[in-house]
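Undergrad: Residue numbers (our numbering), protein chains in the order written: chain P, 1 to 371; chain B, 1 to 312; chain G, 1 to 340.
Any given hint could turn out to be false.
[Claimed, not checked] Taking lysine-lysine pairs in the BS3-like style, the calculated list, with each CA pair at most 25 Å apart, reads:
| # | chain 1 | residue 1 | chain 2 | residue 2 |
| --- | --- | --- | --- | --- |
| 1 | B | K178 | B | K163 |
| 2 | G | K160 | P | K302 |
| 3 | B | K220 | B | K145 |
| 4 | B | K210 | B | K271 |
| 5 | P | K17 | B | K115 |
| 6 | B | K115 | P | K250 |
| 7 | B | K115 | B | K77 |
| 8 | B | K220 | B | K246 |
| 9 | P | K29 | B | K115 |
| 10 | B | K197 | B | K220 |
| 11 | G | K160 | P | K341 |
| 12 | G | K151 | P | K302 |
| 13 | B | K77 | P | K34 |
| 14 | P | K34 | B | K271 |
[Unchecked claim] Chain P stretches covered by chain B per the calculated footprint, using a threshold of three residues with CB under 8 Å from any CB of chain B:
| # | segment |
| --- | --- |
| 15 | 205 to 219 |
| 16 | 248 to 254 |
| 17 | 359 to 369 |
[As the list claims (entries may be wrong)] Partner residues are not named here, just some residues of chain B that face chain G (Cβ under 8 Å, in silico):
| # | residue |
| --- | --- |
| 18 | Q52 |
| 19 | T124 |
| 20 | A126 |
| 21 | L130 |
Just so you know, the hints here were simulated from the structure itself, not pulled from any lab data. Cβ coordinates follow ideal geometry from the N, Cα and C atoms, glycine included.
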Amino acid sequence: MDTTTQPTNTQPSAIEKVFAFVDERVGLKTLQAKMLNEPVPGGSRWAYVFGSVLLFIFIMQAVTGILLMFYYVPTADHAYASTQYIIHSVDYGWFLLGYHFWGSTAMVVCVFAHMSQVFLWGAYKKPRELIWLVGLALFGIVMGFGFTGYLLPWDQRAYWATTVGVEIMDKTPLLGDFMARFLKGGATPGQMTLSRFFVIHVMVLPAALMGLAGLHVFLFRKAGPAGPFRGTVEEIKAKTDYFFPRQIWKDIVGMVLVFLCICSLAFWEPVVLLEEATPDPGDYHPEPEWYFLFLFQLLRLKIFAGEFGQFLGAIALPGAFMALLAALPFIDRSPERNIFKRPIALIGWIVVMASILIFTVAAIINREFLE
Amino acid sequence: MQPKLKSKVRCSDSEVGEVRRVIMDPLSHEISHIVVGAGAADSVERQVPMGQVQGVAEEVVTLRGTSAEYATLPAFKRDEYVTTHEVEIAHLEDRIHVTPGEVLVPFPELERSVKRRTFFANFTHAIGFLIGLPLAFPVLRYLMKPMYSPFDNQWLKIGNSGKIKQDDVGVQFKYKRKIKEAYMPEQEIDKNVWVLKATPKVLESIYQGKDMEFRDATGKALWTNKKDVPYIAFSGKCPHLGCGFKWRTHKTLGQVFLCPCHLSIYDAAGKVLDGPAPRALDPLPIKVTAAGEITIIDMEFKAGTKAQVRIV
Amino acid sequence: MTGRETMSSFKLGLSILWPACWTALPIKMAFAMLFMAMGTIHLETKLGITFLMLLMTPVSVFAFFVISLGVGFHFGEGTGLPLLFLLSIPIDIWSLGLVARTVFLERLRLEPPASLGVGLWVRFAVAGAIYLPFLWVVQGGATDLARSITKSILDMDMLKAMPVAERIGLEFTAWGSASLVVLVALTFVGLSILGKLVEGRAAAAKPAGDTYQDLISRWDMIRVPADQSLMLTAFTAAGAVLSLLFWAVLPVSTPHPHECCKPPTEAVAPSFDAQKSLSKGEKAFKDAELKIAAIEQRAAEDEKEKQKGGKDKAGVKEGSPKSDGKPSQSAAGKPAGSGK
Chain P
1 MDTTTQPTNT
11 QPSAIEKVFA
21 FVDERVGLKT
31 LQAKMLNEPV
41 PGGSRWAYVF
51 GSVLLFIFIM
61 QAVTGILLMF
71 YYVPTADHAY
81 ASTQYIIHSV
91 DYGWFLLGYH
101 FWGSTAMVVC
111 VFAHMSQVFL
121 WGAYKKPREL
131 IWLVGLALFG
141 IVMGFGFTGY
151 LLPWDQRAYW
161 ATTVGVEIMD
171 KTPLLGDFMA
181 RFLKGGATPG
191 QMTLSRFFVI
201 HVMVLPAALM
211 GLAGLHVFLF
221 RKAGPAGPFR
231 GTVEEIKAKT
241 DYFFPRQIWK
251 DIVGMVLVFL
261 CICSLAFWEP
271 VVLLEEATPD
281 PGDYHPEPEW
291 YFLFLFQLLR
301 LKIFAGEFGQ
311 FLGAIALPGA
321 FMALLAALPF
331 IDRSPERNIF
341 KRPIALIGWI
351 VVMASILIFT
361 VAAIINREFL
371 E
Chain B
1 MQPKLKSKVR
11 CSDSEVGEVR
21 RVIMDPLSHE
31 ISHIVVGAGA
41 ADSVERQVPM
51 GQVQGVAEEV
61 VTLRGTSAEY
71 ATLPAFKRDE
81 YVTTHEVEIA
91 HLEDRIHVTP
101 GEVLVPFPEL
111 ERSVKRRTFF
121 ANFTHAIGFL
131 IGLPLAFPVL
141 RYLMKPMYSP
151 FDNQWLKIGN
161 SGKIKQDDVG
171 VQFKYKRKIK
181 EAYMPEQEID
191 KNVWVLKATP
201 KVLESIYQGK
211 DMEFRDATGK
221 ALWTNKKDVP
231 YIAFSGKCPH
241 LGCGFKWRTH
251 KTLGQVFLCP
261 CHLSIYDAAG
271 KVLDGPAPRA
281 LDPLPIKVTA
291 AGEITIIDME
301 FKAGTKAQVR
311 IV
Chain G
1 MTGRETMSSF
11 KLGLSILWPA
21 CWTALPIKMA
31 FAMLFMAMGT
41 IHLETKLGIT
51 FLMLLMTPVS
61 VFAFFVISLG
71 VGFHFGEGTG
81 LPLLFLLSIP
91 IDIWSLGLVA
101 RTVFLERLRL
111 EPPASLGVGL
121 WVRFAVAGAI
131 YLPFLWVVQG
141 GATDLARSIT
151 KSILDMDMLK
161 AMPVAERIGL
171 EFTAWGSASL
181 VVLVALTFVG
191 LSILGKLVEG
201 RAAAAKPAGD
211 TYQDLISRWD
221 MIRVPADQSL
231 MLTAFTAAGA
241 VLSLLFWAVL
251 PVSTPHPHEC
261 CKPPTEAVAP
271 SFDAQKSLSK
281 GEKAFKDAEL
291 KIAAIEQRAA
301 EDEKEKQKGG
311 KDKAGVKEGS
321 PKSDGKPSQS
331 AAGKPAGSGK
């Protein structure tokens with residue numbers, strides 16, 4: 001050893017001292033290692049980012065939502081005026097509202113992407129059945145967010161889309177009338193509806209989402225990442241790296257891309273309200289948000305006409321489909337995860353996605369035929 | 001049976017050492033190797049694949065082949081492994097019944113570069129910072145919107161000077177002011193001022209020989225109260241903490257402005273005679289027409305400060 | 001040891017283009033967002049197709065201009081859009097270089113030649129400039145053909161009674177599927193062409209002698225810059241500057257993008273309602289008939305009078321019958337995102 005070397009500075013810095021203090025008492029280093037050094041078999045992948053991106057979108061929605069609440073008032077006489085105030089008078093209010101609005105679209109898109117990725121990778125199979133079930137509940141919550149939030153501006157579009165949506169829910173046998181009255185806070189939509197939707201959107205659903213998302217992540221860590229569905233042992237081993245930093249880095253790049261896209265959408269199409277809600281729809285044709293359009297169009301088909309038909313199309317069919325998804329890990333017990341060796345799964349996925357796309361586009365085309 | 005730590009390790013011909021550590025495969029959760037060492041701490045430890053293990057008994061692990069063959073097994077490289085404390089392997093405890101701390105898992109090749117690790121860590125932090133940055137300024141301005149509303153400098157009619165019967169006596173004039181707050185419908189609130197018809201001595205005490213200039217937010221002159229106009233209007237809010245004060249007869253000080261909240265006392269010229277008030281009463285811009293119609297600009301000033309700072 | 005992959009041209013083209021497009025996208029989107037905040041990009045209904053062109057800039061950078069000027073397709077308003085495409089050039093060169101080197105190492109087991117990024121970009125961009133407009137025209141033609149065929153099939157008497165919702169769904173599925181098949185085929189051919197271009201570059205490349213793990217480590221480490229602090233400081237500083245610029249240009253009150261840039265010559269034609277215009281036409285026709293009758297009557301009376309004294313100067317105005325309302329395709333309402 002070179003005896004003339006400068007003595008290295010072995011005194012720890014202030015930050016290092018604080019860190020050592022906490023670590024001694026909390027076990028921070030071990031905790032950090034356990035949380036971050038999770039080997040991802042086959043390496044970090046861009047396909048895996050959607051879960052983290054969803055978390056990011058939720059946090060952004062919570063932040064922009066809280067900011068909106070500084071000015072928004074959930075009463076029938078001020079909801080519209082306060083929303084217009086945000087759009088036209090508060091500095092950058094239009095941008096934050098636009099971000100919140102398009103963020104909800106981004107959330108639905110990413111939910112579909114995430115569910116598709118999990119499905120195609122067969123990551124719902126044993127031992128991950130519970131993660132899948134909790135995930136389906138989270139999907140329902142996200143749809144609930146979209147539905148309840150849509151009413152809050154209290155313009156014609158909001159009011160009538162909600163009215164139609166709740167009426168559809170009314171078709172549920174036995175519980176339908178109760179559920180509809182519960183949501184409306186009465187027989188017809190009004191202040192009670194707005195208050196209930198606001199509470200659900202701002203307190204109930206966020207709490208449920210945070211709880212279930214926490215459970216979802218916990219179960220995921222317990223089961224470990226499923227990894228790629230094909231590859232030799234050598235390939236998988238050579239490419240394995242840790243969750244931190246590589247996968248986290250890919251997650252954050254995904255978040256940046258989504259962030260930029262949402263901002264761009266807010267510039268492309270800023271939120272513009274229609275006239276304030278009135279009991280008379282006038283010339284306005286009620287329509288739900290785009291991610292419910294496929295259901296909306298489905299109900300226009302003649303086979304779903306009539307009371308039973310509407311029940312079939314609005315409740316029975318979607319309900320059966322969700323039940324099928326929930327039963328999926330228990331029906332599909334084969335351990336094969338390679339999507340190219342699961343023809344039923346692959347074709348099923350393509351058919352479902354194509355159907356949703358076709359009906360969504362059909363709903364848009366149908367608009368001209370309403371004039 | 002899984003090999004226990006500290007079990008003796010024997011080849012066909014002799015004992016070669018003891019089980020020092022156990023290596024497991026993170027994919028299959030099975031033990032893949034045992035690390036065998038003998039005697040002194042710095043003697044070579046060897047990595048023995050489980051394929052070489054013939055049998056495992058309570059205290060002894062028997063290897064295939066001779067000790068010479070054992071010596072050809074690769075040396076154990078500690079750098080290529082991490083302990084299970086430093087990684088998260090799911091369901092580890094279900095499969096491995098060895099005391100943790102000596103159970104090792106392979107350290108992925110890609111993770112061995114510290115340079116790589118620090119780069120991606122720092123890059124992630126940089127990107128995270130840059131996601132928040134574009135929003136910081138708009139969010140701040142968004143929240144600050146109602147905080148510094150511009151002043152409304154319109155002249156309000158408050159009444160007629162005919163109501164004032166005596167000089168140097170405070171007379172309260174009540175008036176209404178229209179307020180529009182954000183998106184709320186326009187409201188009318190009740191306000192009051194104290195108007196005084198001042199004698200030259202009192203006027204001198206208030207104006208100190210100078211006309212009183214009022215400026216707007218940009219510094220442009222708004223109005224000047226001329227020092228020879230005998231009418232004075234004092235803001236109805238006490239400069240101490242904003243309470244409404246009265247005109248009363250004091251035991252010793254005579255006729256004064258008296259604030260009931262904390263007993264600030266002001267003379268007819270608004271100067272502080274007693275009490276916690278930090279400054280004199282605040283005069284407002286005032287105009288009196290020939291017919292005696294009094295108009296003022298309604299202003300409010302920050303309470304509790306020595307300097308006069310306009311807030312409304 | 002895992003052997004070298006034998007890849008078809010199509011697979012090779014895809015394995016380079018797909019990651020290269022997505023790698024470049026976040027950087028392009030940062031500028032796109034900034035330009036939109038400045039108000040220099042206005043995309044009315046063409047959001048989907050413009051985004052797609054932006055995503056594919058390694059092949060579409062020149063094709064964008066060829067299609068805009070050659071075919072006359074209007075992607076959007078504003079100087080920001082062409083500028084964005086030009087800005088994508090250095091970004092794509094970097095992205096293609098990174099991705100191609102990764103593929104060469106891991107899947108082809110070859111040493112990446114020098115200036116692979118530039119070399120591939122030139123080839124891809126030129127190929128795209130030729131192929132994409134061709135694809136555009138062929139795809140457009142095929143789609144139009146499919147649409148008119150399905151429309152005429154559904155206009156048959158047998159199917160006329162089909163309700164609206166079913167009709168729309170069926171029509172879209174029919175022509176959509178046909179159009180999709182054409183698109184898939186054209187894409188397959190395009191990617192194969194790109195694959196062939198890559199093979200051309202790979203032909204002269206030397207094999208990489210490293211083990212599989214070493215190859216993985218190599219392409220992994222390409223992504224770590226030699227001078228980390230410099231790169232990170234520069235990156236963060238650039239990001240901070242762009243953020244400050246963003247703050248400066250972000251409109252304080254809600255912008256009205258739809259009110260921008262309506263060229264005076266292209267006045268928006270009011271949507272044509274066939275029924276209304278027919279009945280209006282009929283009514284006008286009837287009015288005109290009455291007017292003609294009245295005028296003819298007066299003219300006849302005048303004639304009689306004039307015949308008694310002087311030439312008749314009043315020309316009989318024949319009310320021209322209103323052009324019969326031709327029911328044309330409703331121009332408004334292209335299906336969002338899928339329209340070309």
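Undergrad: Taking the hints in turn, state whether each one holds.
TA: Right, here's what the structure says about each hint:
no. : hint            : verdict
1   : K178/B x K163/B : 24 Å, holds
2   : K160/G x K302/P : 15 Å, holds
3   : K220/B x K145/B : 23 Å, holds
4   : K210/B x K271/B : 16 Å, holds
5   : K17/P x K115/B  : 24 Å, holds
6   : K115/B x K250/P : 18 Å, holds
7   : K115/B x K77/B  : 21 Å, holds
8   : K220/B x K246/B : 33 Å, violated
9   : K29/P x K115/B  : 20 Å, holds
10  : K197/B x K220/B : 28 Å, violated
11  : K160/G x K341/P : 43 Å, violated
12  : K151/G x K302/P : 21 Å, holds
13  : K77/B x K34/P   : 23 Å, holds
14  : K34/P x K271/B  : 71 Å, violated
15  : 205 to 219      : violated (count 0)
16  : 248 to 254      : holds (count 4)
17  : 359 to 369      : violated (count 0)
18  : Q52             : 23 Å, violated
19  : T124            : 11 Å, violated
20  : A126            : 5 Å, holds
21  : L130            : 4 Å, holds
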